[in-house]
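On the provided structure of chain C, position chain A as indicated by the hints.
Given next are the chains, with one letter for each unit.
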Amino acid sequence: MKNNNSNTASSQPINVDNLISRLQREDKRNKRIMMVMFFIYLAFSLIYLFMFIINPDPSLSITYRMAGLSFVIAFFIGTVFFWFRYKNLKKLDYTLPLVQVLEKTVERFRFWGTKWIPVLIVVLLVDIGFTISYYHKFEYWDTAFWIKILSIQALYWGIMLAGGLIGYIRWLKRSKPIWKDAKTLLEELKN
Amino acid sequence: MNPKEEKFRKIVEDQQQRIWNICRHYSRSDEDTQDLQQEVLINVWRSLDNFRGDSALSTWIYRIAVNTSLNYIMKENRRSQFNLTLDHQNINMLMQEEDHEHKIETEKKLDELHEIINQLNVIDKLLISLSIEKLTTREISDIIGITEPNVRTKLHRIREELRQKIQGGNHEK
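Each protein sequence line maps, in turn, to chains C and A. Take the first sequence: its letter number 148 is residue 148 in the working numbering, and every next letter is one higher. Take the second sequence: its letter number 131 is residue 322 in the working numbering, and every next letter is one higher.
Check before you lean on any hint, since a few could be wrong.
Claimed, not checked - Result set (DSBU-like, lysine-lysine): computed pairs, CA atoms no more than 35 Å apart in a straight line:
hint: 1; chain 1: C; residue 1: K87; chain 2: A; residue 2: K300
hint: 2; chain 1: A; residue 1: K266; chain 2: C; residue 2: K190
hint: 3; chain 1: C; residue 1: K28; chain 2: A; residue 2: K201
hint: 4; chain 1: C; residue 1: K28; chain 2: A; residue 2: K316
hint: 5; chain 1: C; residue 1: K87; chain 2: A; residue 2: K316
hint: 6; chain 1: C; residue 1: K115; chain 2: A; residue 2: K266
Hints were generated in silico from the structure; no laboratory data involved.
Pulled out of the complex, with its shape left as it was, chain C reads as follows (with noise of 0.2 Å):
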């Protein structure tokens, strides 16, 4: 394919003035997002503890209790992860040389890495919530302590794979491609 742009071809005149007041209107509305979500999730966070600590509802057993924690302390970790990844992706520095842009977009659109660990530790206090609450759910089962807890798990884990194998799918069509690019260019940079 050939590039019909003429070589000679000077720049087309840049609106600077409706460029600058775009980025400007942009620039305001992403910090007034951040702000608003800061505060929202700061309030939701600092709600349920309080709900904790305090126990407005004496009835609640000390097993719902512990699976309300697990979900709380889920969602907390969920958010800081999240707020990262988030800012993490706004500042994406094109400024690095190639070569370290490269590494940093290979790195961040690996389909696992450490980075993930956050997203196990939530998935994993879930479903300690999950089992907790859903326990007493099954009780009309005339079945064994262990067979109940296993069914819980292989419903959990069940949707937690669709899940990820709907990421995988995700991934395979969306970030593979630039993943694998972009470790083919630094490949053939270190040549």
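Leaving out everything else, chain A in the frame of chain C:
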């Protein structure tokens, strides 16, 4: 007008042709080039607060232009879109032909050379695009992040490869 805005206006005024020159290699049409140039300028704006002057402003701009352009073709899955279009002056500079006869010979084979160049890998094409922008090996090394000797070796290898192919006329079509 605040200082950031003032700085940005100056960059657009002084560097837009340079940015355009880089962007046009990665796009199919002038409209595409314009979009890409706009994207580069957006990234310049976003990074402006972090510019500390450790490298020359032009090198800094080139880094943003190259990174944004490569990111653009990777995201759009358009690696094959990275095509260099060179003129006679560029070709002579690229090939460093001193011998007059070779110079004429090379110019005659401009189309053929275009085809050979565009069969190179992305990194080699990138190096050529920076080389024809008259950047020094030091500047190219700053933009790409590999050592100066490595840049020199790579450019030498590419030139040799092109020279051999153009003189031997043995490239595969």
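Taking the hints in turn, this is what the structure says about them:
| no. | hint | in the structure |
| --- | --- | --- |
| 1 | C:K87 to A:K300 | violated, 50 Å |
| 2 | A:K266 to C:K190 | holds, 22 Å |
| 3 | C:K28 to A:K201 | holds, 23 Å |
| 4 | C:K28 to A:K316 | violated, 39 Å |
| 5 | C:K87 to A:K316 | holds, 33 Å |
| 6 | C:K115 to A:K266 | holds, 22 Å |
When each numbered hint is compared with the structure, violations occur for hints 1 and 4.
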